[in-house]
Each structure stands twice: as structure tokens, then as C-alpha cells.
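Undergrad: The residues making up each chain are set out below.
2 protein chains.
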Amino acid sequence: MSRSIGGMRSFSTAASSLLADATAASQSIRQPSSFQVFRDVPQLRQLRRQLLQKDRTVGFVPTMGALHEGHLSLIREAARENTDIFVSIYVNPTQFGVTEDLSSYPRTWDSDVAKLEELNKELAQTEATAGPETGKGRITAIFAPTSKVMYPGLPPSSEIEGHGSFVTITPLSSKLEGGSRPVFFRGVATVCMKLFNATTPDRVYFGQKDVQQTVIIKRMVQDFLVGTEVRIVDTAREEDGLAMSSRNVYLGARRRAVGLTVYRSLKAAADAYQSGKTSRADILGAAHGEAQRVISEQQVLSPSERSLFQVDYISLADPDTLDELEIVNPTKGGVLSTAFKMAPLEETKPNEDCGLGDGQVAVRLIDNLILQPRA
Amino acid sequence: MSRSIGGMRSFSTAASSLLADATAASQSIRQPSSFQVFRDVPQLRQLRRQLLQKDRTVGFVPTMGALHEGHLSLIREAARENTDIFVSIYVNPTQFGVTEDLSSYPRTWDSDVAKLEELNKELAQTEATAGPETGKGRITAIFAPTSKVMYPGLPPSSEIEGHGSFVTITPLSSKLEGGSRPVFFRGVATVCMKLFNATTPDRVYFGQKDVQQTVIIKRMVQDFLVGTEVRIVDTAREEDGLAMSSRNVYLGARRRAVGLTVYRSLKAAADAYQSGKTSRADILGAAHGEAQRVISEQQVLSPSERSLFQVDYISLADPDTLDELEIVNPTKGGVLSTAFKMAPLEETKPNEDCGLGDGQVAVRLIDNLILQPRA
Numbered sequence: 013m014s015r016s017i018g019g020m021r022s023f024s025t026a027a028s029s030l031l032a033d034a035t036a037a038s039q040s041i042r043q044p045s046s047f048q049v050f051r052d053v054p055q056l057r058q059l060r061r062q063l064l065q066k067d068r069t070v071g072f073v074p075t076m077g078a079l080h081e082g083h084l085s086l087i088r089e090a091a092r093e094n095t096d097i098f099v100s101i102y103v104n105p106t107q108f109g110v111t112e113d114l115s116s117y118p119r120t121w122d123s124d125v126a127k128l129e130e131l132n133k134e135l136a137q138t139e140a141t142a143g144p145e146t147g148k149g150r151i152t153a154i155f156a157p158t159s160k161v162m163y164p165g166l167p168p169s170s171e172i173e174g175h176g177s178f179v180t181i182t183p184l185s186s187k188l189e190g191g192s193r194p195v196f197f198r199g200v201a202t203v204c205m206k207l208f209n210a211t212t213p214d215r216v217y218f219g220q221k222d223v224q225q226t227v228i229i230k231r232m233v234q235d236f237l238v239g240t241e242v243r244i245v246d247t248a249r250e251e252d253g254l255a256m257s258s259r260n261v262y263l264g265a266r267r268r269a270v271g272l273t274v275y276r277s278l279k280a281a282a283d284a285y286q287s288g289k290t291s292r293a294d295i296l297g298a299a300h301g302e303a304q305r306v307i308s309e310q311q312v313l314s315p316s317e318r319s320l321f322q323v324d325y326i327s328l329a330d331p332d333t334l335d336e337l338e339i340v341n342p343t344k345g346g347v348l349s350t351a352f353k354m355a356p357l358e359e360t361k362p363n364e365d366c367g368l369g370d371g372q373v374a375v376r377l378i379d380n381l382i383l384q385p386r387a
Numbered sequence: 013m014s015r016s017i018g019g020m021r022s023f024s025t026a027a028s029s030l031l032a033d034a035t036a037a038s039q040s041i042r043q044p045s046s047f048q049v050f051r052d053v054p055q056l057r058q059l060r061r062q063l064l065q066k067d068r069t070v071g072f073v074p075t076m077g078a079l080h081e082g083h084l085s086l087i088r089e090a091a092r093e094n095t096d097i098f099v100s101i102y103v104n105p106t107q108f109g110v111t112e113d114l115s116s117y118p119r120t121w122d123s124d125v126a127k128l129e130e131l132n133k134e135l136a137q138t139e140a141t142a143g144p145e146t147g148k149g150r151i152t153a154i155f156a157p158t159s160k161v162m163y164p165g166l167p168p169s170s171e172i173e174g175h176g177s178f179v180t181i182t183p184l185s186s187k188l189e190g191g192s193r194p195v196f197f198r199g200v201a202t203v204c205m206k207l208f209n210a211t212t213p214d215r216v217y218f219g220q221k222d223v224q225q226t227v228i229i230k231r232m233v234q235d236f237l238v239g240t241e242v243r244i245v246d247t248a249r250e251e252d253g254l255a256m257s258s259r260n261v262y263l264g265a266r267r268r269a270v271g272l273t274v275y276r277s278l279k280a281a282a283d284a285y286q287s288g289k290t291s292r293a294d295i296l297g298a299a300h301g302e303a304q305r306v307i308s309e310q311q312v313l314s315p316s317e318r319s320l321f322q323v324d325y326i327s328l329a330d331p332d333t334l335d336e337l338e339i340v341n342p343t344k345g346g347v348l349s350t351a352f353k354m355a356p357l358e359e360t361k362p363n364e365d366c367g368l369g370d371g372q373v374a375v376r377l378i379d380n381l382i383l384q385p386r387a
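In the order they appear, the protein sequences are chains A and B. Under the working numbering, the residues of the first sequence are numbered 13 to 387, in order. Under the working numbering, the residues of the second sequence are numbered 13 to 387, in order.
Certain hints may be false.
Copies of one chain are not kept apart here, so a pair can be met inside one copy or by any two copies together.
[Said to hold, decoys possible] When the alpha-carbon atoms are kept at most 25 Å apart in a straight line, the in silico DSS-like pairs for lysine-lysine are as follows:
1) Lys279 - Lys344
2) Lys66 - Lys133
3) Lys160 - Lys344
4) Lys160 - Lys230
5) Lys187 - Lys279
6) Lys133 - Lys230
7) Lys133 - Lys344
If you're looking for bench data, these hints aren't it; they were derived computationally from the structure.
Let the sequences and hints guide you as you build the complete structure.
TA: Take a look at the structure:
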């Protein structure tokens, strides 16, 4: 899914939150004007079949709501390649661990729908001004299922040894982000298989931002002979390079500025590769050097001025297997990826912009850059 | 899959047998006349799409080849409900455990194709004599993929902790047959998800004979929102009641006669239920009594006259969860199922019909009866 939660944790099981999830979603349904909303599968299948028989094409963008510019860029890309776009909005319980707070995940139905309606207007405008080849597609359907629709059998388990019906992709799922979140990619693969079966899209769209997710979904589509094409869309970034993320709203100005180190560290490593380096030591050394420089700078500042963070990992990995690389094969390239944990602010100043949660929410930032094969 | 192997066991890993599998299949491909054979997915998808756009319907019958009357009855049923029938012939490595001999599984391509061609003639004949409503469908496509097509990623593992891309349905997969074959239903669910994705059928057909498989496939289709209907077809039986099975050819006359006890034991239990009994003790007591009676009869015969067997299990279970039942709820019914292990013949007589393998192959026979809800 195009967004994952971090930082906020409290005890809650996925199963016990299902009811709250379904209730919250059904209360807040508002019918939009330029697309249909489907809460169950049969009617959606009927629409899909009609489109197929009319030789129309469907691009599918799965989300957990809380839509931001990154999601919209996926939809714009889908509009270039398909006549119809299906967007799903579903907060999937099985990708949350038992210690992660599913119930506090933001539900922003009305603003999500408003953004999608706005985007449909923009797509019509683009077509009117730039011609039908540039933006022919429109959002046709929102699939916003209840958890009873998505998990009709047993309540799904969030424990790694728990029972249920799952898609497992190993060992990919246990690397990188999967190291600290053992059920996460099982949940992602499982819900995506369900969503793909419900929507049977010609193409599915995922953001490069969640690189491990892109590798796992491509593997799943290949291994399970899923009849769809996987499109990966470049990470949407702020002007200075910070990757867009739903979590950025928790940063505030001070942590926002220091958090850019995530991108700068990766960029330093990518520059090393571009300049001809191929060894892990040289490439990751550049990233760690940049991160360490900023950590040292911050440590000497006062608690009301600084923003401390920890590097969770910086990885240099094979693009297909995500195995760590000692040497990059320049004909194949690699994936640089990282996770930083931005600590809560120690002291805040009067009127300081501390972001949602007043700077007290730890924020895990992830980002990645692809090392393209060199000619 | 509509057939599973038993009895013959020797050491072989699924992965090491893949090459042999693919080679054997490609050597023996003979092009039939009344349907197309597909060895890869893209062309099959193209045909499927054309059929969809012409509003034709596809019934899918997955098999591991070695076709017998049971498979043909599935296809006849598919012909009543669909215009086109896809049959897959693929011996799936991931449902064989590391100690089960995948490489010795029978490959009978030419005779399988001949049977399917014969059946297409019969279906045309049926329509000509009985009208289009009774047998309008024809076998249109055989999907006979290589293992490279079915498992394009890592070589699939046959170890329970092994790596790969799998569909897991728990706890259903570990009950009954899954107790002694821990990877079996993971392999079945995984290959069926792939086959369903490759063929996207309107309906899929499975035999009641493999009852646990039917329960798991129904659960998989429900839980993963697979857009197909699951049809379960009554077990094809010989006149005296013995369930048809590819393994029956290993029995020979003597073990064939005694092997009927499998069916008779279940029938005794079903009769007890029909006469009003609902307790496990009463219902299964009838089955065990019948089996024990025959065991005692056989034990007093000489080694050249008798056929010994062991009861692996006799189960009385809930039809959805396969949990063992102490009491049958008459409004819900239950599933009676059993596995017997027919020992090799101890001594044979001159000119005795001992079946394939001269009576030396241990044969595991399974069967089941559904206890229907009582009015």
C-alpha cells in the first residue's frame, strides 16, 4: 500500500480493531459526483466486465487513504496509460503488527474524496489544453471495502505464527523494513492479491518511495501469474529533495530541515557510484559520512535548537533479491535505501512550528535511490 | 489438484526434479486436433480475453494428468455450465514433500490427450442427440505449462520452512491429510492461485473425492476475492461403491475387494447418522466396527489369501473448518472422511491379478461422504 504508519505505537490487535475500522468508514461515506464508490466486490466486478467488453483499460492505484501529492502522481501516471482509474482506500489491518496502533491510523475520507474530485477536474483540463494523448484517463471508481469484505473468513491475525489465509513472499519479506516489522509485507502481499483479484486491472501503480514494496509486488505478480503490469512511479519530492510522505506533517520546521539528511545521505552515496565507485565501503561510506556530519553538528547545539536522529539502516542491495551487495555490478545497478528515526524534540520554543503532535511523535523517515546500470 | 500420489516414496527434492519434469513434458507434446495446447501464459490470456469479449464462459478443470473417469466427470459437468473448458495438466512439485517421489509420478500425455479428444467427440454427440442445453461446452484449451512458467522465481521449496512465494491457508491445511503431509495443501493452494490467475475461469471444478482440497479451495476463493465460482462434483465410483482413483491400478483383484471396506465403513457411519445418531461415538463406532470386522476376517486367512490394511484415520468433521466434531448439528451436517493404508501382498499366487507393481506397492486409499443437513 502506498502509505505505512510509523512512530505512533500503542497496544491494539488488528482483529479487535476491525469493527471500529468498518464502523468509522461506513459513517463517513459521502457520495462524490464524478466517480462511483464501491463498498463490496460484485458491483465492482460488473463495472470491470463492462469496461473490458468495451475495450477500455483499467489502471489501479491502491492506497490507505490520507492522500497526498505522491498518490496523485500515481493517479496522473495511470491517467496517461489507461481510460479508467480505480483507486482503493482501505486501511489494511494485517500489515499492522500487534504493537502498532491500527485504530489511530488517520481516516480522512472527505478530504480524500475532495482531492480525487479535484484531480478528475484537472485531468479533464489537461486533456482540453494538451490533447487526448496526455491525460485521457479519469478516476471511474473508488473501492472502499469494509474489513468484512476483505477478510470474510477468520479474523486475520497480526501475529507472525497466527492463522489465516496469507500470501507469503520469502525471504524478500524479512529484509530491510521487514526486519523490524515481521508481518508487514505478508499483510501487504495478502491485501494486494485480494485487491488485484477484485479489480483485475490492466496496470497497477506503486510509488518508488516504498522500494521493498515495489520489489515484493513485482515478485508476487510474476510468481503468481497475476495478469497485470506493475508500474513504478518516481518518488514525489519537495523542491529540496525530501520525499513526500504522510508522516512529514509530524515533523515541524526544525525536524523537517534536519530530516532532509535522509535524502542528502543517499544522494552522497549515489554521487559516489556515479563517479565510478562500486564498493560497498566507498558508496555507503559517503552516506554514513554525511549522516554522521549532521549528527555531530546537532549534538553540540542546545536542546531547544537541535533535532537528534538515529540511522536505522543504510542499505546497498540487489534490485531483485534485496540481498546486500559488497560490490555493485555496474551492468545491473543496485538499490540504496535507508530509514532514519527522528527523535521527539527535547525542548520547544514559544510559537515554534513543531508539526502535528507538537514535535512529540517520533517519526521514521524512509527513502531510497536506484543506482541505474551504467552504460 | 484432482489427483495426489501415495504409496510410492523415495528420496527426491521437488527442486531437483523440476528439470526432469519440464524435459519429460516437452518431449512428449503431441498436437491434438480439437483443442489448442498452451505451454505458456500470454497466448492463453489472449484466448481468454477473446472469449470474454464474445460473452463466452470458461469452466476450468485442473489436473495432474493420468486422467481417469473422475476427471472426465468433472469436464462433463463443466460442459453443462460453460461454452468453453480449459483443462490444465501439470504435475505440481510444491505439493510433494521432500520424501515423496515427484520424479516417479506418472506422465501419460498421449493417453490423456486421446481421452480428451474422445470426450470432445462425446460432448458433440450428446448435444446432437439430447439438444444444446445438455452438453453445449467443449474442451477449447489444454494448459500444460513447464515448471519454469509456473515457478519463474526461486526454485520452489518442498520444506515447510523453505523459502518461496506461497499461499497459506491455516489452520485448515494442517488437518486430516495435512497432518502427515505438511507442505501438501500449501502447494495445492499456491498452484491453484497461479492456475486461476492464468485462466481466469468463470467456474472451477473439483471432485468431492478430495474433500479437504475442496474446503481449502473454497476458502481460498472466498478469502482472496478470486472472481470464480467453485463447483464440487460428486465422487465418481465403481458400481460397488469404490471411489475411482488413479491409484486403484496398483491394487489388483485381492486388495481391490478388501479395499472396498473404505467405502463400506463410511457408509456404515453415514447410515448411523441417517438413522438419527448424532454422537461421534455412535457414528464413528459404526465405521470402526466395519473396518475391524474385515481386519479380523483377513488376519485368520493365510498370507497367500489375505490382504492386510491399517486405518490411518476416520474423521467426523465440521464441513467448513474441518474441526473434529463430538456431536453433529443436524442442521449443519458434517464430513466423514478416512484414509486406509493397503499393505503390499505378503504372498502371491501363480497368475494372480496383482495390479501394477505386482502387489508390492503400498496403496493409500482415501474417501469421504458428506452428512447432509437433515430436514
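Undergrad: If a hint holds in the structure, say so; if it doesn't, say that too.
TA: Here is what the structure says about each hint:
{"no.": "1", "hint": "Lys279 - Lys344", "result": "within (19 Å within a copy, 63 Å between copies)"}
{"no.": "2", "hint": "Lys66 - Lys133", "result": "within (24 Å within a copy, 35 Å between copies)"}
{"no.": "3", "hint": "Lys160 - Lys344", "result": "between (43 Å within a copy, 23 Å between copies)"}
{"no.": "4", "hint": "Lys160 - Lys230", "result": "between (27 Å within a copy, 17 Å between copies)"}
{"no.": "5", "hint": "Lys187 - Lys279", "result": "within (22 Å within a copy, 53 Å between copies)"}
{"no.": "6", "hint": "Lys133 - Lys230", "result": "neither (31 Å within a copy, 42 Å between copies)"}
{"no.": "7", "hint": "Lys133 - Lys344", "result": "neither (41 Å within a copy, 53 Å between copies)"}
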